[in-house]
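Same order as they appear, the protein sequences are chains A and B.
Using our numbering, the first residue of the first sequence is number 3, and each one after it goes up by one.
Using our numbering, the first residue of the second sequence is number 6, and each one after it goes up by one.
Don't read these hints as lab results, they were simulated from the structure.
Here a beta-carbon is modelled for each residue, glycine too, at the ideal position from N, C-alpha and C.
Check the hints yourself; a few may be wrong.
[What the hints assert, rightly or not] Taking lysine-lysine pairs in the DSSO-like style, the calculated list, with each CA pair at most 27 angstroms apart, reads: (1) B:LYS341 / B:LYS329; (2) A:LYS190 / B:LYS25; (3) A:LYS178 / B:LYS329; (4) B:LYS72 / B:LYS98; (5) B:LYS98 / B:LYS407; (6) B:LYS240 / B:LYS407; (7) A:LYS90 / A:LYS80; (8) B:LYS25 / B:LYS15; (9) A:LYS178 / B:LYS436.
[What the hints assert, rightly or not] Beta-carbon label-pair distances, calculated as ranges: (10) A:PRO256 / B:PRO33: 48 to 54 angstroms; (11) A:PRO256 / B:ALA29: 54 to 60 angstroms; (12) B:THR210 / A:TYR32: 43 to 49 angstroms; (13) A:TYR32 / B:VAL35: 53 to 59 angstroms; (14) B:TYR39 / A:SER75: 36 to 42 angstroms; (15) B:ILE28 / A:GLY194: 21 to 27 angstroms; (16) B:PRO367 / A:ILE88: 42 to 48 angstroms; (17) A:TYR32 / B:ILE28: 21 to 27 angstroms; (18) A:GLY194 / B:PRO190: 35 to 41 angstroms; (19) B:VAL288 / A:TYR22: 41 to 47 angstroms; (20) B:VAL35 / A:ASP72: 42 to 48 angstroms.
[Unchecked claim] Sample of chain B residues lacking proximity to chain A, with all beta carbon distances greater than 10 angstroms (derived): (21) TYR39; (22) LEU64; (23) TRP69; (24) SER70; (25) ASP78; (26) GLY90; (27) PRO102; (28) ASP108; (29) ASP114; (30) PHE136; (31) ILE139; (32) THR177; (33) PRO363; (34) GLY392; (35) ILE438.
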Amino acid sequence: MADISLSGAPQRVDDIQSSYMAQVQRRRLYGGLTLLIFVVLMVSGFNIADDRNAGGFWEGLHQIGDYPADVLSEAWAKRADLPGLIVKYFPALVETINIAAVSTLIGALGGLFLSLLGTRGLARWPRLIPLFRRLSDIMRAVPEIVIALVLIFILGGGPVPAMIAIAIHTAGALGKMFSEVAENADLKSVEGLASTGATWSQRMLLGVLPQVAPNYVSYALLRFEINIRASAILGFVGAGGLGYELRNAMAWGPGRFDEAGAIFILLFGTIVFFDQLSSRYRNRLTEGHGQ
Amino acid sequence: MTTTDLNLTKHEAEKRFVRKRLIAFGIPAVVALYLTYIFFAFDLAGLAQRANLDNAVTLASDSWSHKVHVTRDNRTGQITYAVEGERKGRYPKGTRPAWVTGDDILTIDLGAGHRVRYLPDNRTAVEIPGFPLIEVQAKGRSLTTNLPDDLPDWISASDRRVGITTPQGRITLTGARTEVFNYFPGWELFWFTLDSPYHGHGLATILFGDRLDPTRGNVAGALSDWWNNAMWRHKDVAWAIGETILMAFLGTMGAAIIALPLAFLAARRFSPLLLIRAATRRVFDFVRGVDALIWTVVLARAFGPGPLTGALAILITDTGTFGKIFSEALENVDQKQIEGVSSTGAKPLQRYRFGVIPQVVPVLLAQILYFLESNTRSATIIGAITGGGIGLMLTQAIQTQKDWEEVAYYIVLIVAMVMFMDWFSGWLRGKLIGRNG
Chain A
3 MADISLSGAP
13 QRVDDIQSSY
23 MAQVQRRRLY
33 GGLTLLIFVV
43 LMVSGFNIAD
53 DRNAGGFWEG
63 LHQIGDYPAD
73 VLSEAWAKRA
83 DLPGLIVKYF
93 PALVETINIA
103 AVSTLIGALG
113 GLFLSLLGTR
123 GLARWPRLIP
133 LFRRLSDIMR
143 AVPEIVIALV
153 LIFILGGGPV
163 PAMIAIAIHT
173 AGALGKMFSE
183 VAENADLKSV
193 EGLASTGATW
203 SQRMLLGVLP
213 QVAPNYVSYA
223 LLRFEINIRA
233 SAILGFVGAG
243 GLGYELRNAM
253 AWGPGRFDEA
263 GAIFILLFGT
273 IVFFDQLSSR
283 YRNRLTEGHG
293 Q
Chain B
6 MTTTDLNLTK
16 HEAEKRFVRK
26 RLIAFGIPAV
36 VALYLTYIFF
46 AFDLAGLAQR
56 ANLDNAVTLA
66 SDSWSHKVHV
76 TRDNRTGQIT
86 YAVEGERKGR
96 YPKGTRPAWV
106 TGDDILTIDL
116 GAGHRVRYLP
126 DNRTAVEIPG
136 FPLIEVQAKG
146 RSLTTNLPDD
156 LPDWISASDR
166 RVGITTPQGR
176 ITLTGARTEV
186 FNYFPGWELF
196 WFTLDSPYHG
206 HGLATILFGD
216 RLDPTRGNVA
226 GALSDWWNNA
236 MWRHKDVAWA
246 IGETILMAFL
256 GTMGAAIIAL
266 PLAFLAARRF
276 SPLLLIRAAT
286 RRVFDFVRGV
296 DALIWTVVLA
306 RAFGPGPLTG
316 ALAILITDTG
326 TFGKIFSEAL
336 ENVDQKQIEG
346 VSSTGAKPLQ
356 RYRFGVIPQV
366 VPVLLAQILY
376 FLESNTRSAT
386 IIGAITGGGI
396 GLMLTQAIQT
406 QKDWEEVAYY
416 IVLIVAMVMF
426 MDWFSGWLRG
436 KLIGRNG
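Given the sequences, and given the hints that come with them, work out the whole structure.
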């Protein structure tokens, strides 16, 4: 071995050093170029965005605090009404949470089927795997607002369009994450069940689901967090719930800022609350089942 | 093992079985109960009445077809032909569709024996197979017709307005004007509007044929006419998609740049002071909790509507998310590499650069690229609120409630854009940190 590597002209240390330096320099050059391109993209992108915005960045910068200050000062001045307003908007909050919860439930169910039907080794119809994968890709790619706006036109405003829209997107997104988990599932139990003559649904229910359930529930909880935000945003375009109330409160402008303030507080509190709750449960699920 | 022991184990096992059974029945029962509550809370029973199925039919048929309006102004007697009835889609003077014939008496052939005749004195005759000839006379603001009292449900008539809907086309008559809508499949004028010399010519003619417009070359002229198409606004659409991607790019990258140094402050290993650590974490929780919706609303007040506002809203929200993820990644770095670097006499900054950053870069890049894709979707939604990008064009097109073919076009583009960003971020991730990184 030693003979082979030493055969040919023995390399001098200088050569090795200079070739190493050349490599380092080339790496630095590429790194620098990448960085330069990135900086140019960021700066020119910022300038384009700034140009196409109604107000400029530098003029607006010192006004960022104005609106929150207005809202807060008015809400503070009318702080006696605040508990009443929070009670008033509580039903809207419940609706927002309900939209998120139902769409997560339905979406998780859809994602479950999409993932089982689209995973090699588990699929009911192996030939249709690409179909179910593309289906979940497309469902994932459609932003909720697209489906929500179209459905609002057909079904009228209210929680149902938002629920369907979020459920479709959730099914696609969870379908992908679920199938990544299902790919790593141990197939021995499935084979064992198959040898007893179990049907496909029995194999899935008894062989696969117990293995993947903790991860699935954990992903579904994460999705629930995301869906609360989504359902608030969809409310803003007319799909009911807290977002809808927020848009109305904002449309009234000054004088009703206490209402906007109350909605801000409710929304902020809800998001933080469910974030904490779900992250606690997710930790328990993925790290030793709470023991 | 004694009998009592065995009994105890059996008892224990039975208890567990009972618990398992309870859970197996309990969870579906709770879900079913909750869905029942939702059924009433969301008023699903009343949805059937609120739903407007006519809208659904309009949407479904308009999204893949277009209509050509033939309009007679009953005061001036002037006739206009226009695609979708829009000024931009008007036929130039002296031209008209081939299915309209005649000069004094205009015959509009809708196909399958359906014919409409515009007669002098604002009279109109509608010929529909299997139905007696309909004659309508417009006078002032009212209409006189020969329609019988009991009408089929595809005709609606009053003395002010008559509407006839057939599978071949639609006819509406009022005192002021008579209009015929003839439906055709496809997105008309998608390439060129009627005033462009290239309208109606194939790709081969444009590429290899004679010059259609003496003042410009065929390819350049055709490209510019397509780009500036007033009906489909390809230029604005391209800009809007660019704006949406720009919002996602600026927001994601800006958030990553800001979050990285802050994440060091929030990680236990690099930030010994509890106070600073806790304060940074609360800042992350706060900006994340306020949510992109509220940030958009607040920032739109300061910067006005536009892509910059959307980019900043994404930036602020994601700074919190990235901060949290990054600091968790930083807590999990391997100490050995840092010790190795510091044993060479590296200063703190060099220790971070060569000991820490190379370890966390794959994790951070994977997260950033994943968020780039997901933020493209968020940017579409934020754009609809703050007024920028393809999201705004989509909401505007939906709000007009008639340009459904444009809505369908935008939806296709949005889905294609998100799928492209998904593919692109996956590709970049593969290039930068290896397939399994």
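We went through each hint and held it up to the structure:
Proposed proximity of B:LYS341 and B:LYS329 is supported: the alpha carbons are some 24 angstroms apart, at most 27 angstroms. Proximity of A:LYS190 to B:LYS25 is assessed by CA-CA distance (about 23 angstroms); at most 27 angstroms being required, the pair is judged to hold. At most 27 angstroms may separate the alpha-carbon atoms for a hinted pair to count; A:LYS178 and B:LYS329 meet this at roughly 24 angstroms. A threshold of 27 angstroms between alpha carbons decides the hint, and for B:LYS72 with B:LYS98 the separation of about 19 angstroms falls inside it, so the pair holds.
With a C-alpha separation of about 26 angstroms, the suggested pairing of B:LYS98 with B:LYS407 holds against the 27 angstroms cut-off. Taking the CA atoms of B:LYS240 and B:LYS407, the gap is near 21 angstroms; set against the 27 angstroms cutoff, the hint holds. For a cut-off of 27 angstroms, the pair hint linking A:LYS90 to A:LYS80 stands: about 15 angstroms separates their Cα positions. For a cut-off of 27 angstroms, the pair hint linking B:LYS25 to B:LYS15 stands: about 15 angstroms separates their Cα positions.
Restraint check for A:LYS178 and B:LYS436: satisfied, since their Cα atoms lie roughly 22 angstroms apart, inside the 27 angstroms limit. Our hint of 48 to 54 angstroms for A:PRO256 and B:PRO33 holds, since their Cβ atoms are close to 50 angstroms apart. Our hint of 54 to 60 angstroms for A:PRO256 and B:ALA29 holds, since their Cβ atoms are close to 56 angstroms apart. Checked against the given bound of 43 to 49 angstroms, the beta carbons of B:THR210 and A:TYR32, roughly 47 angstroms apart, stay inside it.
For A:TYR32 and B:VAL35, the hinted distance range of 53 to 59 angstroms is satisfied, since their beta carbons lie about 57 angstroms from each other. Taking the beta carbon of each, B:TYR39 and A:SER75 are about 41 angstroms apart, inside 36 to 42 angstroms as hinted. About 23 angstroms separates the C-beta atoms of B:ILE28 and A:GLY194, a value consistent with the hinted range of 21 to 27 angstroms. Between B:PRO367 and A:ILE88 the C-beta distance comes to about 45 angstroms, which sits within the given range of 42 to 48 angstroms.
As the Cβ distance of A:TYR32 to B:ILE28 is approximately 57 angstroms, the hint placing it in 21 to 27 angstroms is violated. Between A:GLY194 and B:PRO190 the beta carbons are some 55 angstroms apart, a value that contradicts the proposed interval 35 to 41 angstroms. The beta-carbon spacing between B:VAL288 and A:TYR22, approximately 44 angstroms, falls within the hinted interval of 41 to 47 angstroms. Taken as a hint, the range 42 to 48 angstroms holds for the pair B:VAL35 and A:ASP72, whose Cβ atoms sit roughly 44 angstroms apart.
Residue placement check: B:TYR39 does not keep its beta carbon more than 10 angstroms from all beta carbons of chain A (closest about 8 angstroms). Once the 10 angstroms rule is applied to beta carbons, B:LEU64 is inconsistent with being away from chain A; the minimum gap is 7 angstroms. The beta carbon of B:TRP69 sits about 14 angstroms from the closest Cβ of chain A, which is more than 10 angstroms, so the claim that it is off the interface holds. For B:SER70, the condition that its CB be more than 10 angstroms from all CB atoms of chain A holds, with the nearest at approximately 17 angstroms.
Residue-level check passed: B:ASP78 sits 31 angstroms from the nearest beta carbon of chain A, beyond 10 angstroms. The claim that B:GLY90 is not at the interface with chain A holds, since no C-beta of that chain comes within 10 angstroms of its own (minimum 20 angstroms). The non-interface label for B:PRO102 is consistent with chain A: the shortest C-beta to C-beta separation is roughly 30 angstroms, beyond 10 angstroms. No Cβ of chain A comes within 10 angstroms of the Cβ of B:ASP108; the nearest lies about 42 angstroms off, and the non-interface call holds.
Listed as outside the interface, B:ASP114 is consistent with that label: its C-beta sits roughly 33 angstroms from the nearest C-beta of chain A, beyond the 10 angstroms cut-off. At roughly 31 angstroms from the closest C-beta of chain A, the C-beta of B:PHE136 stays outside 10 angstroms, upholding its exclusion from the interface. Listed as outside the interface, B:ILE139 is consistent with that label: its C-beta sits roughly 32 angstroms from the nearest C-beta of chain A, beyond the 10 angstroms cut-off. For B:THR177, the condition that its CB be more than 10 angstroms from all CB atoms of chain A holds, with the nearest at approximately 22 angstroms.
The Cβ of B:PRO363 lies farther than 10 angstroms from every Cβ of chain A, with a closest approach of about 13 angstroms, so its non-interface assignment holds. With a closest Cβ-Cβ approach of about 8 angstroms to chain A, B:GLY392 is found to fall inside the 10 angstroms limit, against its non-interface label. Against chain A, the non-interface label of B:ILE438 holds: every CB pair exceeds 10 angstroms, the least being about 14 angstroms.
Of the numbered hints given earlier, the model fails hints 17, 18, 21, 22, 34; all others are met.
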